[in-house]
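Q: Spelled out, the chains give:
Number of protein chains: 2
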Amino acid sequence: MKINEFYKMIQQKPVILDGATGSNLQKAGMKPGVCPEEWILENEDKLIALQKAFVEAGTNILYAPTFSGNRIKLEEYGLSERAEEINKRLVALSKKAAGNKALVAGDMTMTGIALEPVGPMKLETLIDIYKEQARYLVEAGVDLFVVETMMSLAETRAAVIAIKEVCDLPVIASLTFQEDGRTLYGTDPVTAVVVLQSIGADVIGVNCSTGPKEMIPVIRKMKEYAEVPLLAKPNAGLPVLQDGVTVYPMLPEEFASWGPEFIEAGAGLIGGCCGTTPEHIRMLSQKVAGLTTKAPHNEHPVMLASERKSQEIALDGKFLVIGERINPTGKKKLQEELRAGKMNLVEEMAEQQEEMGAHILDINMGTNGIDEKEMMLKAISKVTMVSSLPLCIDTSYVEVMEAALRVYPGRALINSISLEKEKIEKLLPLAKKYGAMFILLPLSDKGLPKSLEEKKAIINEILKRAKALGISKNQIIVDGLVATVGANKNAAIETLETIRYCKEDLNLCTTMGLSNISFGLPERPYVNSAFAAMAIASGLTMAIANPSNQLLMGISFASDLLRNKEGSDIAYIEQIQRMAPLKEAAMAKAAQSAGNNGIKKTEQTDNKSTAKEADKKKNPV
Amino acid sequence: MKINEFYKMIQQKPVILDGATGSNLQKAGMKPGVCPEEWILENEDKLIALQKAFVEAGTNILYAPTFSGNRIKLEEYGLSERAEEINKRLVALSKKAAGNKALVAGDMTMTGIALEPVGPMKLETLIDIYKEQARYLVEAGVDLFVVETMMSLAETRAAVIAIKEVCDLPVIASLTFQEDGRTLYGTDPVTAVVVLQSIGADVIGVNCSTGPKEMIPVIRKMKEYAEVPLLAKPNAGLPVLQDGVTVYPMLPEEFASWGPEFIEAGAGLIGGCCGTTPEHIRMLSQKVAGLTTKAPHNEHPVMLASERKSQEIALDGKFLVIGERINPTGKKKLQEELRAGKMNLVEEMAEQQEEMGAHILDINMGTNGIDEKEMMLKAISKVTMVSSLPLCIDTSYVEVMEAALRVYPGRALINSISLEKEKIEKLLPLAKKYGAMFILLPLSDKGLPKSLEEKKAIINEILKRAKALGISKNQIIVDGLVATVGANKNAAIETLETIRYCKEDLNLCTTMGLSNISFGLPERPYVNSAFAAMAIASGLTMAIANPSNQLLMGISFASDLLRNKEGSDIAYIEQIQRMAPLKEAAMAKAAQSAGNNGIKKTEQTDNKSTAKEADKKKNPV
Ligand SMILES: [Zn+2]
Ligand SMILES: [Zn+2]
Ligand SMILES: [Zn+2]
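Line order of the protein sequences matches chains Y and G. Following the working numbering, the numbering of the first sequence begins with -16 at its first residue and continues without gaps. Following the working numbering, the numbering of the second sequence begins with -16 at its first residue and continues without gaps.
Don't read these hints as lab results, they were simulated from the structure. A portion of the hints provided could be inaccurate.
All copies of an identical chain are treated as equivalent in the list; a pair is satisfied when it fits inside any one copy or across any two copies.
[Claimed, not checked] List of simulated lysine to any residue pairs, SDA-like, C-alpha gap at most 20 angstroms:
1. Lys472 - Ala554
2. Lys(-4) - Gly61
3. Lys472 - Glu557
4. Lys14 - Lys486
5. Lys409 - Pro284
6. Lys548 - Glu477
7. Lys433 - Glu506
8. Lys566 - Leu534
9. Lys456 - Asp428
10. Lys566 - Pro508
11. Lys548 - Phe502
12. Lys433 - Ser364
13. Lys404 - Gly61
14. Lys71 - Leu452
15. Lys404 - Ala466
16. Lys472 - Leu106
17. Lys472 - Gly300
18. Lys486 - Leu452
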């Protein structure tokens, strides 16, 4: 099935999915602990009867019972060598049950072995496992794919990448959220939507998780950010234990009564998960018949995301800081650590920058004597464990960028794409494939633009090329390209005009590296901070900076406050609180250097040396 | 003579003045040490012959020999009781010599007793003395006045005020500059022009001083700032001592050869001072015959001035700081000093603010328990002795403002004139009379404007009223009226728009008090500084602030640098150097408070208490 046909179908009216497979087959005699795929192949009529009942109840898309048909899961029963046969026969059963009354989706889920860095599974291994199953399912003739009951966003992403690399069938990605509104791995619904739609999922959904009531707010939240249709497949209520058996207690009528609210909340595809019978589906189908589904909004907030957190990037939003510190340029200690293969300092910098109020973390591993690709992947792995901020991947090498974008389980920011032939030709397609946002650097093979006009022309040329690849304008953040005011007296004025032009004339977000402006001047923080305030007044969206720079951060947050950006008053006060320990530390440091080796009130104070210092002071020179 | 007739006359072609009186009369027999006025009256024919010779040589304006005819000078010869008779008879002689071929100017000069605070003479006493002589001269029928050979700007100003309060004849104010380019009292030519034309002098000039060569650059400099015609009356060269007698050696031909250069430099009225004979004037007159004088420039730099220094106020000029500290509001120690009649703290604040880079000093004496007018005059007197910065007179009382403007020997800034009936009706005429610039405060009797539109309407209404009084737009600086962002979230945005509106739409300079914006917020300097940078980017001309606030000053000077204002790079570096001692002091203070009362490396360290502290530290709790 072509994706546009599929979209046409799901745009017209609510699409009805099927109900539970497992719980219904257990009622039909399947014992707990058996391999469901194997049992079905031994009891084909039971499956066909159940699925026919679903189709008769109104199901438009049947899920083929290939849920655990991946090599790892099958191997638990010693069946991995039969993977192809099993997947193909299972699809054939569903197709028989569907007749020409329903589509059949190839169903896939987690392998049970967690991805790195949580578990031992390597990303490329997992992609290969999913690719294998996907190929069997395509060959068996599924109309589309559903990756469901996913508890890990990273694994969902791997499955979507795998399927997209095997075929061009529509892919539904459906996650399971706990009662706290997050997946087991900590992903919230918005982050899931941001990451999955950026990687190309055609429908995003929620299944299993909870009963309908608890699932509605998840769908509602997702809808605000979704560019794609949404799917809801709740269980028949929250499970209760009856006589030692887990039971889903919600009866068909009550279950179906939630249908219209799901449509209102924004779901376009609805069905049931654990505990739902053909009767649940029949009543649900009747309840939503004639309702109109909601189209995606035209204007979605634009977001970056890590695996666990998303960050809005808005033209009129609060000023954002890309923490610049994870970059070995000019940092001897960090260079040494990286050459020794160590990541302690990188982790520390990530944590500190998040604490100090950074919104995004730049990762740059550009130094000699290391394998930059290997270290970039290692840094991403380590940083994502200690910080939930989205990453900005900063490298001069296309292959390092590609590896990083593929492995990063969020929506990354590419730093950067210029008009240089090598960059634009290779990086734009990567931005497209991985749905990453990117920093547009207005440079060309001729070097730095000689004038503001040339700079604007380069920006427009890159925009044109991006558009030709189907990259949305809102994926792009323009770098204002800051020169040094000591070398070009109009450096600040030209950058401010670039920012104004991008915001007002092109509606594009902007970023810049602040500190270049003041190169060679004394007391550079004054210049950098004044520049920040002016740039924010001109509409700057974000800057790459050191979030431990109190002056810069204080001025930046104050600038937002003065511009009356939403929530900026609270953000300012929070930032001041965040910086309080830094201020104290600076005072203590001043005490130590300005005073006569003045004694600090810190826990590190060594009583012995204190006493010695005190003795010395008795006889001041 | 009406001023417009006079202007018509001097616009058409160079106006020729006379030459020396004293040196020529000495040649005619007047002995050194005698009272010249008395000698002339005893030798009327000698004067008439000399002045007739001048008229025949081409003189258009004869100076009546009333130079020292003021009560103080005459009293040196016991002649003060004959002042009226002497002045009137002297004018009659000149009128006789002039026939109807030349105008006669009533000539006045210094009394020889210096004005307060340099000498014992009170301003109102001096004005009365000048008024008395001016009345006699008017009654004697002079066509205009010349106040000449003035070495004190303040006394010149007093004479101009006196004449203007007695009649509406044209007034020429002519100073004497030393070879270093300043008057004996330290006034430079630009400051002289700024102050004298603001107070209403109709022609400004230079006489005596030096020979022609040295006077040309003074005229040239004055011309850049002058809205009125300029006069040059040099000596016949620099004096030399011959046989114990002072001789002015320049011969008529050489003297006259400078004439065209004077016209080119911008002088419209030329003549000779010490040592110049009718022959000098005849040759000069011939030399410049047929030349065209230069009209005043259309666009003059707008300046504030103290008696010794002027400060340009330019729409695109460097950002200026009005030092706000001399204001007892919220300053207990200063209040106590003022109540005790002491000015030590005021003087200290003036010096410190100038050292820290303030461009203008605000003087506010508003506190209870003192005579505000008396203290304002005292403060002006003391501050002008220790600082050469121009003053901003800040008071709620019209009578305090009037007294201050009258006594201040520079061009002051009035802080402020609102649309409140009492303020606009009484203060606008004072701004006109004393030529002061003023801060337009967009308030009305209805209080603070409720909207940006109302604010703009108030600004335009005040502009209209000022124009009706003949006050030039460039005398006005608009206060952006800063509200508190905590109370009005759009406070900053509205002030920035007011600044933009004034600069771009009205071409008016702007000022504001920065700190109000951040009332109630933590770490207010961040907010104030960010606001300063944004306001400077929007075109703010100046702000009232504490120049010891390093952050604010650093950010403000950096903002100018970023805006690429002329000379702003050097100004930034100078400001950083100026602040270096403050930075060190802050470090030392931090050392003292952050460390465990850490011992400072300062001379104030008390060895005893240091030892005691050190003992305590031996046993840390
Ligand atoms: Zn379920
Ligand atoms: Zn939306
Ligand atoms: Zn002279």
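Q: Could you run down the list of hints and mark each one as holding or not?
A: Evaluated hints:
In this homomeric assembly, Lys472 and Ala554 come within 20 angstroms of each other (Cα to Cα) only across copies, at 14 angstroms, whereas the closest approach inside a single copy is 34 angstroms. In the homo-oligomer, the alpha carbons of Lys(-4) and Gly61 never lie at most 20 angstroms apart, since the shortest distance is 43 angstroms inside one protomer and 116 angstroms across protomers. For a Cα distance limit of 20 angstroms, the shortest separation of Lys472 from Glu557 across copies, 18 angstroms, qualifies, whereas the shortest one inside one copy, 36 angstroms, does not. Taking the shortest Cα distances, Lys14 and Lys486 never come within 20 angstroms of each other, neither inside one copy (62 angstroms) nor across copies (83 angstroms).
In this assembly of identical chains, Lys409 and Pro284 lie within 20 angstroms of each other by CA distance neither inside one copy nor across copies; the values are 27 angstroms within and 57 angstroms between. For a Cα distance limit of 20 angstroms, the shortest separation of Lys548 from Glu477 across copies, 14 angstroms, qualifies, whereas the shortest one inside one copy, 25 angstroms, does not. Within a single copy, Lys433 and Glu506 get their C-alpha atoms no closer than 29 angstroms, and across copies no closer than 41 angstroms, so neither meets the 20 angstroms cut-off. Taking the shortest Cα distances, Lys566 and Leu534 sit within 20 angstroms of each other both inside one copy (10 angstroms) and across copies (15 angstroms).
Neither within a single protomer nor between protomers do Lys456 and Asp428 lie at most 20 angstroms apart by alpha-carbon distance, with minima of 23 angstroms and 52 angstroms respectively. In this assembly of identical chains, the alpha carbons of Lys566 and Pro508 lie at most 20 angstroms apart whether taken from the same copy (15 angstroms) or from different copies (14 angstroms). Only between protomers do Lys548 and Phe502 lie at most 20 angstroms apart by alpha-carbon distance; the minimum there is 18 angstroms, versus 31 angstroms within a single protomer. Neither within a single protomer nor between protomers do Lys433 and Ser364 lie at most 20 angstroms apart by alpha-carbon distance, with minima of 40 angstroms and 56 angstroms respectively.
Proximity of Lys404 to Gly61 under the C-alpha cut-off of 20 angstroms is found in neither arrangement, the shortest distances being 51 angstroms within a copy and 98 angstroms between copies. Proximity of Lys71 and Leu452 under a CA criterion of 20 angstroms is satisfied in neither setting, with 35 angstroms inside one chain copy and 97 angstroms between copies. When the C-alpha separation of Lys404 and Ala466 is checked against a cutoff of 20 angstroms, the pair qualifies neither within a copy, at 23 angstroms, nor between copies, at 52 angstroms. Taking the shortest alpha-carbon separations for Lys472 and Leu106, neither the intra-copy value of 50 angstroms nor the inter-copy value of 49 angstroms comes in at or below 20 angstroms.
In this homomeric assembly, Lys472 and Gly300 come within 20 angstroms of each other (Cα to Cα) only across copies, at 16 angstroms, whereas the closest approach inside a single copy is 30 angstroms. Taking CA atoms no more than 20 angstroms apart as the test, Lys486 paired with Leu452 passes in neither setting, with 23 angstroms inside one copy and 45 angstroms between copies.
In terms of the numbered hints stated before, the structure departs from hints 2, 4, 5, 7, 9, 12, 13, 14, 15, 16 and 18, listed from lowest to highest.
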